[in-house]
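Participant: Sequence:
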Amino acid sequence: MQKFLQRLPSLHQTVLNRARSRGQSFLELALILPILLLMLLGLVEISFFIGRYLDILDLTREAARFASVRDPFMNAPIDTVSCSAGEPFNFYYHTACIFSPPTGSANCTDTKFCNGLNSFVALNPEIDDVVITVYTVSDWHVSSPVFPQPKGYWALSNIDSDTAHNDNWQRDCQGKVVRSTPYFTADRINDTLEPSSPKSKGLVAVEFYYCYHQALNLPVLTNFVPNPLRIHAYTLMPIPAAQPSPTPRP
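Using the working numbering, you'd call the opening residue of the sequence shown number 8 and step up by one each time.
The set of hints was computed from the structure by calculation and includes no laboratory data. Misleading hints may appear alongside valid ones.
Label pairs and their computed distance ranges (CB to CB) [as the list claims (entries may be wrong)]:
hint : residue 1 : residue 2 : range
1    : Ser54     : Pro152    : 41 to 47 angstroms
2    : Asp169    : Phe80     : 24 to 30 angstroms
3    : Pro233    : Ser187    : 19 to 25 angstroms
Every residue gets a Cβ at the ideal spot worked out from N, C-alpha and C, and that includes glycine.
Construct the entire structure; sequences and hints are all you get.
Facilitator: The structure is reproduced here in structure tokens:
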């Protein structure tokens with residue numbers, strides 16, 4: 008009995024230590040849990056962003072493939088063409104039709120700009136844009152002029168039904184002008200040309216400027232990351248119809 012009474016203080020101290028350790032663990036969990044939750048929500052938002060970027064990149068590839076086998080100098084008046092009709096044909100407009108929603112979808116609000124492959128990305132004519140440029144390369148150097156003329160690029164926002172918002176590609180999603188030239192320019196193309204590649208070729212560049220709205224729209228994220236956020240995807244592809252014409256022999 009005496010030995011048991013002598014052990015009571017040590018047993019009491021052991022119980023206190025265990026209680027303190029358990030309390031410390033709960034405190035640490037309470038501190039780290041919000042951080043883990045924020046990390047999880049951030050990963051979810053990033054997953055949505057990457058998925059949307061891949062959708063947009065696929066659309067630029069499909070549009071560039073479409074353009075690569077067509078004549079960039081066939082351009083019927085814009086007011087006579089429609090995505091649902093192949094004729095009359097406008098190279099730039101019909102290439103941009105790839106970004107239009109399928110006929111009959113909920114996003115098909117402009118009947119002229121429907122019948123495309125875009126089932127997932129709702130294109131907003133007030134802030135989004137499609138830019139198309141055609142280059143002729145001769146002796147590993149971009150020849151003048153760059154098509155279409157006179158601007159040297161074609162932008163969907165300049166010819167769509169929304170006449171109040173032109174050259175959307177020049178602005179970020181908050182309306183601030185952040186660029187004056189498309190991503191692809193004659194100088195950038197010249198820098199990418201390799202001496203081992205054919206010295207004469209035609210190239211078509213398709214760029215998509217899209218404003219991504221955060222799926223979760225959490226203040227803890229929007230305080231640090233702009234919402235909406237500009238996504239820019241592009242594809243550069245050969246187009247034989249834009250190759251330089253050989254000079255006929257006298």
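Participant: Taking the hints in turn, state whether each one holds.
Facilitator: How the hints compare with the structure:
1. Ser54 to Pro152: 41 to 47 angstroms: holds (43 angstroms)
2. Asp169 to Phe80: 24 to 30 angstroms: holds (27 angstroms)
3. Pro233 to Ser187: 19 to 25 angstroms: Holds, since Pro233 and Ser187 (Cβ atoms, about 20 angstroms apart) stay within the stated range.
Against the hints set out earlier in the document, no violation occurs for any number.
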